[in-house]
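Using the sequences and the hints given, assemble the complete structure.
Line order of the protein sequences matches chains A and B. Going by our numbering, the residue at position 25 of the first sequence is 25; the numbering climbs one at a time, nothing skipped. Going by our numbering, the residue at position 19 of the second sequence is 1019; the numbering climbs one at a time, nothing skipped.
Hints in this document: simulated from the structure, not taken from any laboratory. Treat the hints loosely; a few may be bogus.
Claimed, not checked - 30 Å max Cα-Cα, derived DSSO-like pairs, lysine-lysine:
| hint | chain 1 | residue 1 | chain 2 | residue 2 |
| --- | --- | --- | --- | --- |
| 1 | A | Lys233 | B | Lys1071 |
| 2 | B | Lys1107 | A | Lys2 |
| 3 | B | Lys1183 | A | Lys13 |
| 4 | B | Lys1183 | A | Lys2 |
| 5 | A | Lys75 | B | Lys1059 |
| 6 | A | Lys75 | B | Lys1181 |
| 7 | A | Lys5 | B | Lys1012 |
| 8 | B | Lys1012 | A | Lys75 |
| 9 | B | Lys1071 | A | Lys2 |
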Amino acid sequence: MKQIKTIAVKEFKDYFISPIAYIVISLFLIVTGWFFFSTFFIFDRADLRDFFSLLPLIFSFIIPAVTMRLFSEEKNVGSYETLLTMPVSFTDIALGKFLAATMFTAAMLIPTLSYPLFISLIGEVDIGPVIGGYIGAVFLAAAYCSLGIFASSLTRNQIVAFIIGTALCFTLTILDKLLFFMPTSILPVIEFLGAGSHFATISKGIVDSRDILYFVSVVFISIFSTHIVMHEKN
Amino acid sequence: MIEVQNLTKYYKDFCAVNRISMTIRKGEILGLLGPNGAGKTTTLRMLTGYLRPSSGTIKVNELHMPEDVLKIKSLIGYLPESAPLYHNMLVYDYLDYVARIKGISDKETRYDRLLRLSELCGLSAIMDKPIADLSKGLKQRAGLAHAMMSDPEILILDEPTSGLDPNQIVEIRDIIKRIGKEKTIVFSTHILSEAEATCDRIAIINNGRVVADDTTLNLKKRVQENSLIRISLRGADPEKALALLKTIDSRLEVTLVDPVEENLVSFEIRSSGDQDFRSDIYLKIKETDWIILQLAKESQALEKIFRELTREVA
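Below, the structure is given as structure tokens:
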């Protein structure tokens, strides 16, 4: 437990030592800010629904960029060897890195809290969906971070890790938008597998245990797969 | 302390380590010696639990790999080749992080430990520098501090002196010798003189097999002494001296070489067998009015073993 914390804190600090953190956060804020506010005054609705509906798509590109270095860089530099020969288990390493990435994405969301503050100045904001939306965003971020970490554990090349990660996250994002291609018999299954519908329910302010379970399952499966990859690769 | 039985590692079809067995006793400094690509690094990586052996067993202090791998890892301090550390961290931050991971959770203890290690490894002046800015020798010393953080009973060092300049090599060797008084140390090298200077015992590895494993002294005894005597004379006539030296014994092979200094005449005298001819040479020269400025015997035993045992690759 202590070691998970040590690794998570170290990785989290690492983001802010290098310029990556600042670049990714700026990029995220510019993209979300632009897409959200460019249509905000046209719709003339005092809520964050459009912001949250954008998140899965933006996250599926931003988060793999956050997670791509976590394993790939260590493998490339060789520090992976020093890390693995210290008395830490594979699970501790994977969980530590996962927590660091999730904390980082959560930190990235903090500046966006100014959006509801700003909107509340010009209209009545229903606080429920906003809180639900942020909770959902953290769960979504956790799920995508775990997928990104799995992608990073597969290769020593950060670009390859980014592409695999994006492909995985993007698939989950668009799965429930491709339903009309699927045979009707497996429709409910495919819809359940996609991240979109689960995130949509939470961001409406409805916290359903099935949606929580979905995100937790994605995290569990990805971290477990990462563990298997780490085990098999040596 | 460490018991290795029939350790084998295949990379796909390539057999990097082939049924190595050895026992490493407590307090010993063991040198793994071998040409590049002999399987030294693979062997060390399996000992540290980084690589899983294809077959064979490793036992450390009655703990078995892989069941007790975490316990074994906490007994071992490991410095990989070329010390791959986190480049973006400061030396202090890095060592502090390592201390936390190795379970030194108390702040005071951690600080004391860092202070002691920075003195031992000569890092005091560079604790506030990013690792990326360190020279190779300093990086190696930071790596050594990393390996010794938890005061482990066993230290495994992979080519700790490769790529360093002569001064740094001597420094690292001194550190190894100093630690080696209390700890068990296994280190790999492809430099013969280094193994000879630092190790109690040498295991020579070639093509993934242990081809020799003995104390440094015994290894030297194993081959028949093939000694080389160098002699330099002042005031001698080269022709006459050559003739005179040849009369000492018929088994001697005397060759005139370029003198080490001006106005000197130098010879190399090779002899087979373990008889020492130095006193005979001295007595012979004493009869003349030449002055002996140098009379030294070099043993080439280890080099000869090494070359014989590892010849096929070269």
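Enumerated hints in conflict with the structure, sorted upward: 3, 6, 7
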